[in-house]
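Protein sequence lines, in the order shown, are assigned to chains F and B. Per the working numbering, the first sequence runs over residues 1 to 112. Per the working numbering, the second sequence runs over residues 1001 to 1115.
For the record, the hints were derived by calculation from the structure and aren't laboratory data. In this text, a Cβ means the ideal position worked out from N, Cα and C, and glycines have one as well. Hints should not be assumed to be uniformly reliable.
Computed beta-carbon distance windows for the label pairs [claimed, not checked]:
| # | chain 1 | residue 1 | chain 2 | residue 2 | range |
| --- | --- | --- | --- | --- | --- |
| 1 | F | GLU76 | B | GLY1042 | 18 to 26 Å |
| 2 | B | SER1073 | F | PRO10 | 47 to 55 Å |
| 3 | F | LYS60 | B | GLU1085 | 22 to 30 Å |
| 4 | B | GLU1020 | F | GLY1 | 27 to 35 Å |
| 5 | B | SER1066 | F | SER58 | 36 to 44 Å |
| 6 | F | LYS56 | B | GLY1051 | 27 to 35 Å |
| 7 | F | SER79 | B | GLY1016 | 38 to 46 Å |
| 8 | F | GLN81 | B | GLY1071 | 41 to 49 Å |
| 9 | B | SER1073 | F | GLU16 | 43 to 51 Å |
| 10 | F | SER79 | B | ARG1064 | 24 to 32 Å |
| 11 | F | GLN45 | B | PRO1008 | 17 to 25 Å |
| 12 | B | GLY1051 | F | SER111 | 42 to 50 Å |
If the Cβ cut is set under 7 Å, some of the chain F residues that face chain B in the computed set are [to be verified]:
| # | residue |
| --- | --- |
| 13 | VAL11 |
| 14 | TYR30 |
| 15 | GLY43 |
| 16 | LEU44 |
| 17 | LYS77 |
| 18 | SER93 |
| 19 | ALA99 |
| 20 | THR107 |
From the structure, some residues in chain B lie toward chain F, with a derived Cβ separation under 8 Å [stated by the list, open to error]:
| # | residue |
| --- | --- |
| 21 | THR1013 |
| 22 | TYR1048 |
| 23 | ALA1054 |
| 24 | PRO1055 |
| 25 | PRO1061 |
| 26 | ASP1063 |
| 27 | PHE1065 |
| 28 | LEU1091 |
| 29 | GLN1104 |
| 30 | PHE1106 |
| 31 | LEU1113 |
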Amino acid sequence: GDSVTQMEGPVTLSEEAFLTINCTYTATGYPSLFWYVQYPGEGLQLLLKATKADDKGSNKGFEATYRKETTSFHLEKGSVQVSDSAVYFCALSTSGGTALIFGKGTTLSVSS
Amino acid sequence: GAGVSQSPSNKVTEKGKDVELRCDPISGHTALYWYRQSLGQGLEFLIYFQGNSAPDKSGLPSDRFSAERTGGSVSTLTIQRTQQEDSAVYLCASSLFGSDQETQYFGPGTRLLVL
Chain F
1 GDSVTQMEGP VTLSEEAFLT INCTYTATGY PSLFWYVQYP GEGLQLLLKA
51 TKADDKGSNK GFEATYRKET TSFHLEKGSV QVSDSAVYFC ALSTSGGTAL
101 IFGKGTTLSV SS
Chain B
1001 GAGVSQSPSN KVTEKGKDVE LRCDPISGHT ALYWYRQSLG QGLEFLIYFQ
1051 GNSAPDKSGL PSDRFSAERT GGSVSTLTIQ RTQQEDSAVY LCASSLFGSD
1101 QETQYFGPGT RLLVL
C-alpha cells in the first residue's frame, strides 16, 4: 500500500545551520505531497505542498521539490532558527479529498 | 476566520466507559477527517466525510469506534467501551471542496487518556 518514510529524529542543530529532512514515498498513481509542522503545544499546520512532479513548494524559508524519479520530497532550509524547533511530518494524498498518509515525524531541535 | 475547533481539549476516562469527541470544521468546508496520533503508531487516518456521500470508514480500528456528521457540519467521534490502547490525541481536519480540496486544516486535537 501507499506509504511515507521519513528520517528518524531527533535532529539537533545550531542556529543558522542548514537543514535537510529526508522523505520518500511509495504510491500508486500521482500523489500530492505535503509537509506539515507541529510546534510545541500547537496543532498541525500545513508548511508547504507540491501537487505534481518537479513542483517546488516553499514557505517560511523552507523548500521541498517533488522528485518523481527518486520518489522523494526532502525538506530543506538554508538557515534554521530556534523558532523552527518542532515536529515535521511528510505526507501524501493519492487523490483529491482522500485521507493523508503521514510519515512518523521528525523532531527538530535548534539551539542558539 | 475561525479555524477547526475541537472539544474537549483533554479527556480522562476509565476503561470500559464511552466517550464522545466533538469537531467543528471551518465554516463552508464540506470535507471532514478524523485522525489519531499516538506514540507507537504516529498519525493514522480514521474516517472521512464528504458532503452527503457515505463516509469512508476504512481507517476505524474496531467496531467500538463510530462517527457521525450532522447537517454537514459538526462531527462527533464516539468510542465505546474504551480501552487503554485508545489513549491518544484525536485530530480533526477539514477541507474545502474544489481546487484546494487537498489542503486539510487541522484542529488542536483532543487528548484522551484511558485509565
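How the hints compare with the structure:
no.	hint	in the structure
1	F:GLU76 with B:GLY1042: 18 to 26 Å	22 Å, holds
2	B:SER1073 with F:PRO10: 47 to 55 Å	39 Å, violated
3	F:LYS60 with B:GLU1085: 22 to 30 Å	36 Å, violated
4	B:GLU1020 with F:GLY1: 27 to 35 Å	31 Å, holds
5	B:SER1066 with F:SER58: 36 to 44 Å	40 Å, holds
6	F:LYS56 with B:GLY1051: 27 to 35 Å	32 Å, holds
7	F:SER79 with B:GLY1016: 38 to 46 Å	52 Å, violated
8	F:GLN81 with B:GLY1071: 41 to 49 Å	43 Å, holds
9	B:SER1073 with F:GLU16: 43 to 51 Å	45 Å, holds
10	F:SER79 with B:ARG1064: 24 to 32 Å	48 Å, violated
11	F:GLN45 with B:PRO1008: 17 to 25 Å	22 Å, holds
12	B:GLY1051 with F:SER111: 42 to 50 Å	47 Å, holds
13	VAL11	17 Å, violated
14	TYR30	12 Å, violated
15	GLY43	4 Å, holds
16	LEU44	4 Å, holds
17	LYS77	21 Å, violated
18	SER93	5 Å, holds
19	ALA99	4 Å, holds
20	THR107	12 Å, violated
21	THR1013	22 Å, violated
22	TYR1048	6 Å, holds
23	ALA1054	14 Å, violated
24	PRO1055	11 Å, violated
25	PRO1061	14 Å, violated
26	ASP1063	19 Å, violated
27	PHE1065	15 Å, violated
28	LEU1091	7 Å, holds
29	GLN1104	6 Å, holds
30	PHE1106	4 Å, holds
31	LEU1113	17 Å, violated
In this structure, the earlier hints numbered 2, 3, 7, 10, 13, 14, 17, 20, 21, 23, 24, 25, 26, 27 and 31 are contradicted, and the remaining ones agree with it.
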